[in-house]
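If you're matching them up, the sequences are chains A and W in order. Counted from 1, the first sequence has number 58 at position 58 by our numbering; the numbering is strictly sequential. Counted from 1, the second sequence has number 112 at position 112 by our numbering; the numbering is strictly sequential.
Just so you know, not all the hints are guaranteed correct.
[What the hints assert, rightly or not] No more than 30 Å apart at the CA atoms, straight line, and that leaves these computed lysine-lysine pairs for BS3-like:
{"no.": "1", "chain 1": "A", "residue 1": "K26", "chain 2": "W", "residue 2": "K108"}
{"no.": "2", "chain 1": "W", "residue 1": "K108", "chain 2": "W", "residue 2": "K42"}
{"no.": "3", "chain 1": "A", "residue 1": "K26", "chain 2": "A", "residue 2": "K13"}
{"no.": "4", "chain 1": "W", "residue 1": "K105", "chain 2": "A", "residue 2": "K26"}
{"no.": "5", "chain 1": "A", "residue 1": "K13", "chain 2": "W", "residue 2": "K105"}
{"no.": "6", "chain 1": "W", "residue 1": "K42", "chain 2": "A", "residue 2": "K26"}
[As the list claims (entries may be wrong)] A short list of chain A residues far from chain W (calculated; beta carbon distances all over 10 Å):
{"no.": "7", "residue": "P70"}
{"no.": "8", "residue": "L88"}
{"no.": "9", "residue": "L90"}
No lab work stands behind these hints, which were simulated from the structure alone. All C-beta atoms in this analysis are idealised placements derived from N, C-alpha and C, irrespective of residue type, glycine included.
Spelled out from the first residue to the last, the chains are:
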Amino acid sequence: DAGVTQSPTHLIKTRGQQVTLRCSPKSGHDTVSWYQQALGQGPQFIFQYYEEEERQRGNFPDRFSGHQFPNYSSELNVNALLLGDSALYLCASSSYNGQQYFGPGTRLTVT
Amino acid sequence: KQEVTQIPAALSVPEGENLVLNCSFTDSAIYNLQWFRQDPGKGLTSLLLIQSSQREQTSGRLNASLDKSSGRSTLYIAASQPGDSATYLCAVHYGGSQGNLIFGKGTKLSVKP
Chain A
1 DAGVTQSPTH LIKTRGQQVT LRCSPKSGHD TVSWYQQALG QGPQFIFQYY EEEERQRGNF
61 PDRFSGHQFP NYSSELNVNA LLLGDSALYL CASSSYNGQQ YFGPGTRLTV T
Chain W
1 KQEVTQIPAA LSVPEGENLV LNCSFTDSAI YNLQWFRQDP GKGLTSLLLI QSSQREQTSG
61 RLNASLDKSS GRSTLYIAAS QPGDSATYLC AVHYGGSQGN LIFGKGTKLS VKP
């Protein structure tokens, strides 16, 4: 079992650009959640996808959007990047019991 | 507002000491509570998960307790080792199995040889 995988590992973008991050859930999991972790802070919930729909959303602007595919993998898209979007983006997958398993994260740097 | 607080923010101990990390949460209607370990620049490794109906969980040198009524959890690490050096995050799961995690800011632990 490969666990939760994320790509890419690192990414450098310029202010105003758009970025797409990808996540493959653990085998047997149908729910994907995304978190943003700024340096020195705890992760903050962005949104959660289930059955290809956004089920819950945290306090993030509409520049943050996502998608879930029929194979349960997911994408996080961020438009009009700001310097403050620089962070570690974590993906977590879960199944019926809700326990979340995290991937290694994608480090996004906005210059 | 649901908030999770971790004290202390940083801790430095000599190898071999027993230590306690603290986590408090404002809303006692939790689904479960989880302790994670995070190495610098890396993802989260789950250490222990305590269901809302449980009082404690143990794994090796780690023991986590939960007191829902007082809104507190502790992570006890016995006989600390330099390899235990990392940031420890407490996360409270609200909203049932379909809910999300609320994290504290973490305790950065350094164990000196």
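Next pair to validate is K26(A) with K108(W); report whether the Cα-Cα distance is within 30 Å. Distance ~28 Å between K26(A) and K108(W) Cα, so the pair holds.
30 Å limit on alpha-carbon distance, applied to hinted pair K108(W) and K42(W): holds (14 Å)
Agreement of K13(A) and K105(W) with the hint, judged by alpha carbon distance not exceeding 30 Å: holds (26 Å)
When you check the alpha-carbon spacing of K26(A) and K13(A), does it fall within 30 Å? holds (28 Å)
Distance rule for L88(A), whose beta carbon must clear each one in chain W by more than 10 Å: violated (7 Å)
Exclusion check [L90(A) not at the chain W interface, CB over 10 Å]: violated (6 Å)
Pairwise hint evaluation, K26(A) against K105(W), where the allowed Cα distance is 30 Å at most: holds (26 Å)
Hint consistency between K42(W) and K26(A) [alpha-carbon to alpha-carbon, up to 30 Å]: holds (18 Å)
Any Cβ of chain W at or closer than 10 Å to P70(A), or is the non-interface label fine? Holds, because the least Cβ-Cβ distance between P70(A) and chain W comes to about 20 Å, which exceeds 10 Å.
When held up to the earlier numbered hints, the structure conflicts with 8 and 9 and fits the remainder.
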